[in-house]
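Novice: Note that the numbering used here gives residue 1527 to position 245 of the first sequence, counting from 1, and the numbers run on in steps of one.
Think of the hints as simulated: they come from the structure by calculation, not from any bench.
Owing to the predicted nature of the structure, the values given are computational and were not obtained by experimental measurement.
Treat the hints with care, since some could be wrong.
[What the hints assert, rightly or not] Quick list of in silico lysine to aspartate or glutamate cross-link-like pairs, EDC-like style, CA-CA up to 16 Å:
| # | residue 1 | residue 2 |
| --- | --- | --- |
| 1 | Lys1433 | Asp1445 |
| 2 | Lys1493 | Glu1518 |
| 3 | Lys1367 | Glu1386 |
| 4 | Lys1367 | Asp1380 |
| 5 | Lys1403 | Glu1329 |
| 6 | Lys1403 | Asp1313 |
| 7 | Lys1430 | Asp1407 |
[As the list claims (entries may be wrong)] Pair by pair, the computed Cβ-Cβ distance ranges are:
| # | residue 1 | residue 2 | range |
| --- | --- | --- | --- |
| 8 | Cys1531 | Leu1369 | 41 to 49 Å |
| 9 | Gln1488 | Pro1332 | 17 to 25 Å |
| 10 | Glu1526 | Glu1317 | 38 to 46 Å |
| 11 | Ser1549 | Asp1313 | 24 to 32 Å |
| 12 | Leu1419 | His1311 | 28 to 36 Å |
| 13 | Gly1510 | Lys1530 | 30 to 38 Å |
| 14 | Tyr1514 | Arg1485 | 47 to 55 Å |
| 15 | Pro1534 | Leu1334 | 47 to 55 Å |
| 16 | Pro1332 | Lys1553 | 19 to 27 Å |
| 17 | Ser1549 | Asp1382 | 50 to 58 Å |
Just so it is clear, CB atoms sit at the ideal spot from N, CA and C, and this is done for glycine as well.
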Amino acid sequence: MPELPEVETVVQGLSLAVTGHSLSAITFHRDKIREEIPTQLFRELFEGQPVLDIFRRGKYIILRTDLGFGLIHLGMSGVLAVESKALPLPRHTHFTADIDSTSERLRFTDPRRFGRLGAVKNLNDSIWLSSLGVEPLIQKNLAGYLGKMAKNRKVPIKNFIMDSKILVGVGNIYASESLFDAGISPLRSANSLIKIEWLRLSRSIQSILKKAIKAGGTTLKDYRTSGGEMGYFVNELSVYGKKEPCMKCFHPIMQMRQSGRSTWFCSVCQK
DNA sequence: CGTAGCGCCTGCCGGC
DNA sequence: TGCCGGCAGGCGCTAC
């Protein structure tokens, strides 16, 4: 579900509500999501400790206290929200905590349970983070980096830019959108791109992610901002989920499967 | 080593 | 109306 822009939007939305406040009544409504939740450690790090910072690494949301870090991954259907304590809890809510000195609570809900909830004393301890590739909006000379990493990589370029060991944050929607924007076919093997194409693709990835962040992300179904609002980048999508003809050349947008995921593209504009 | 395929889960939608 | 297959913003494990 959420890709970099959605996670970034959630982090920005949580920042004011959570920073400087401590969590209490920390409750795990189940002790396993996809894997075991370190409930004891999480409580130890957060009970009574003010949250000093909230930030994002890849698609992970990270909260910091003096004692350590909490990590949250939204998977495909996860929602992390701040809302009134008085509201009833939705189905599939796995974690709640009261935000001290407010009438609000933090809630994590994830029907499909592909999400993750973790805790570590040091960020270096996290095996989840240690294998992550570069940040698309921070990496200097992204085109050069991607081109170098793509040597000997025959995987389709779409899979390559979605590989979180290479590049974080680009998921199924923004991979299709970036490749359309750059005019590159999702079927091309990663090692076939030439310098100018890496430049175009890098710029497309960065500009689309930035625009999507400004729009509050893309809501197809589950995704909501931390305040419960929809992300309206869905109105700016060019190919993903489009039944209408290509906005550039008016040929039909094609849909195909790549590694079990849906790819949307224009076979005329993307070469 | 790189790659393809499968599995993890629930919910929703369209076709029959 | 109800059932069934297919599909959904992710990612890690396996076999080759």
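Novice: Evaluate each hint against the coordinates.
Specialist: Now the hints, each set against the structure:
1. Lys1433 x Asp1445: 15 Å, holds
2. Lys1493 x Glu1518: 9 Å, holds
3. Lys1367 x Glu1386: 5 Å, holds
4. Lys1367 x Asp1380: Roughly 7 Å separates the two Cα atoms, so the pair holds.
5. Lys1403 x Glu1329: 14 Å, holds
6. Lys1403 x Asp1313: 19 Å, violated
7. Lys1430 x Asp1407: 28 Å, violated
8. Cys1531 x Leu1369: 41 to 49 Å: With Cβ atoms ~48 Å apart, the hint holds.
9. Gln1488 x Pro1332: 17 to 25 Å: Because 34 Å falls outside the window, the suggested range is violated.
10. Glu1526 x Glu1317: 38 to 46 Å: Check passed, 41 Å falls within 38 to 46 Å.
11. Ser1549 x Asp1313: 24 to 32 Å: 48 Å, violated
12. Leu1419 x His1311: 28 to 36 Å: Given range 28 to 36 Å: holds, Cβ gap about 34 Å.
13. Gly1510 x Lys1530: 30 to 38 Å: 35 Å, holds
14. Tyr1514 x Arg1485: 47 to 55 Å: This hint is violated: roughly 23 Å between Cβ atoms.
15. Pro1534 x Leu1334: 47 to 55 Å: For leucine 1334 against proline 1534, whose Cβ atoms are near 51 Å apart, the range 47 to 55 Å holds.
16. Pro1332 x Lys1553: 19 to 27 Å: Since the Cβ atoms of proline 1332 and lysine 1553 sit about 53 Å apart, the hinted range of 19 to 27 Å is violated.
17. Ser1549 x Asp1382: 50 to 58 Å: 55 Å, holds
When each numbered hint is compared with the structure, violations occur for hints 6, 7, 9, 11, 14, 16.
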